[in-house]
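Chemist: Sequence:
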Amino acid sequence: MNADLLSLMPKVDFSRRGFMATSLITGFTVAAGPVMGQTAIKTDATGLTAGEVDIPVPGGTMKAYRAQPAGAGPFPTILVVQEIFGVHEYIKDTCRRFAKQGFQAIAGDLYARQGDMSKVTDMQGAVAVAGKVPDAQVMADLDATAAWAAKNGGNASKLGITGFCWGGRITWLYSAHNPKVKAGVAWYGRLVGAASELTPKHPVDIAKDLKAPVLGLYGGADQGIPNDTVDRMRAALDANKKFNVFYVYPDTPHAFHADYRPSYRKEQAEDGFAKAVAFFKMHMA
Numbered sequence: 001m002n003a004d005l006l007s008l009m010p011k012v013d014f015s016r017r018g019f020m021a022t023s024l025i026t027g028f029t030v031a032a033g034p035v036m037g038q039t040a041i042k043t044d045a046t047g048l049t050a051g052e053v054d055i056p057v058p059g060g061t062m063k064a065y066r067a068q069p070a071g072a073g074p075f076p077t078i079l080v081v082q083e084i085f086g087v088h089e090y091i092k093d094t095c096r097r098f099a100k101q102g103f104q105a106i107a108g109d110l111y112a113r114q115g116d117m118s119k120v121t122d123m124q125g126a127v128a129v130a131g132k133v134p135d136a137q138v139m140a141d142l143d144a145t146a147a148w149a150a151k152n153g154g155n156a157s158k159l160g161i162t163g164f165c166w167g168g169r170i171t172w173l174y175s176a177h178n179p180k181v182k183a184g185v186a187w188y189g190r191l192v193g194a195a196s197e198l199t200p201k202h203p204v205d206i207a208k209d210l211k212a213p214v215l216g217l218y219g220g221a222d223q224g225i226p227n228d229t230v231d232r233m234r235a236a237l238d239a240n241k242k243f244n245v246f247y248v249y250p251d252t253p254h255a256f257h258a259d260y261r262p263s264y265r266k267e268q269a270e271d272g273f274a275k276a277v278a279f280f281k282m283h284m285a
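Per the UniProt record's numbering, the sequence shown starts with residue 1, numbered consecutively.
It should be emphasised that the hints constitute simulated quantities derived from the structure, not laboratory data.
Do not take every clue at face value.
[Claimed, not checked] Straight-line alpha carbon distances no greater than 20 Å define the calculated PhoX-like cross-link-like pairs of lysine-lysine that follow:
1. LYS132 with LYS119
2. LYS100 with LYS42
3. LYS180 with LYS151
4. LYS211 with LYS241
[Said to hold, decoys possible] Cβ-Cβ distance ranges computed for the label pairs, FRET-style:
5. LYS180 with ALA235: 25 to 33 Å
6. LYS119 with GLY51: 21 to 29 Å
7. ALA278 with THR46: 32 to 40 Å
8. TYR247 with ALA195: 23 to 31 Å
9. ALA274 with LYS180: 24 to 32 Å
10. PRO179 with ASP231: 24 to 32 Å
11. ASP44 with ALA278: 20 to 28 Å
12. GLU267 with ASP116: 29 to 37 Å
Here a beta-carbon is modelled for each residue, glycine too, at the ideal position from N, C-alpha and C.
Sequences and hints are given; from them, build the entire structure.
Modeler: This is how it looks when you write it as structure tokens:
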């Protein structure tokens, strides 16, 4: 959008001056349910620099997981935005997967001020925490993460973003917010919704303002994101002559990339990841 996304949002005090950064989740999030151990992918850190880092953000310090190839860089940077369950092993592993492809990948704990997801035990609790997080806060924290990345092995001129579920929606918004973004990949992120104080805009509302091409990866059998909302987003992008690539996998549920959950679909997940890597390399070359 021509005006910065933050300027269009209500002035919400999200700084929580001096908020305490905590360690990221060890293992998987309890709230997501039983882990499908036979399918959960484990990517090693051989040849990588990987682990927790501290990122200065408005009001304090945010924990994040960073993975990148060993060496000085600079490497093209991908901001990895968590699903609703926070930054747990699945998100960390996804960062390592991108790092193995030559990227610096960073996932910040974007709920740090609102709750500790390691202590949340069910979906209702996860939704409650996520529902307290203002979009303005997320945009500012991602800006801070991108700035940190540029000073710590990342290439400021090659910035991308990807996110899953909750993070898929954020991917669309941030691709309209930050003109430095070169490409985004949104995995089954919500596209429409009612405006609220904390979430005043949704992807369909900012289609005309995208600063970068976004690849949308969606499931045709996603019960939470009906196909007609994908059609609405496509129409909004087409009407505004914006770069528009969607892959909707037939008979595929929500969260098909989440390899630790029953929703995982190996073929679609692997195809989607390959498309994501190719998309980033094409637009961040």
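Chemist: For each hint, tell me whether it holds in the structure or not.
Modeler: Hint check:
Straight-line distance between C-alpha atoms of LYS132 and LYS119 comes to about 16 Å, which keeps the hinted pair within the 20 Å bound. A threshold of 20 Å between alpha carbons decides the hint, and for LYS100 with LYS42 the separation of about 13 Å falls inside it, so the pair holds. Proximity of LYS180 to LYS151 is assessed by CA-CA distance (about 15 Å); at most 20 Å being required, the pair is judged to hold. Taken as a hint, the LYS211 and LYS241 pair is honoured in the structure, with Cα atoms around 12 Å apart against an allowance of 20 Å.
Hint check: LYS180 to ALA235, Cβ distance near 28 Å, so the stated range 25 to 33 Å holds. Roughly 22 Å separates the CB atoms of LYS119 and GLY51, a value that falls within the hinted 21 to 29 Å. Between ALA278 and THR46 the CB atoms are about 24 Å apart, so this pair departs from the stated range of 32 to 40 Å. The hint said 23 to 31 Å for the Cβ distance between TYR247 and ALA195, and at roughly 28 Å that hint holds.
The supplied range of 24 to 32 Å is met by ALA274 and LYS180, whose beta-carbon atoms lie about 25 Å from each other. A C-beta distance of roughly 28 Å is found between PRO179 and ASP231, which places it inside the suggested range of 24 to 32 Å. Checked against the hint of 20 to 28 Å, the C-beta distance between ASP44 and ALA278 comes to roughly 23 Å, which is consistent with it. Our hint of 29 to 37 Å for GLU267 and ASP116 holds, since their Cβ atoms are close to 35 Å apart.
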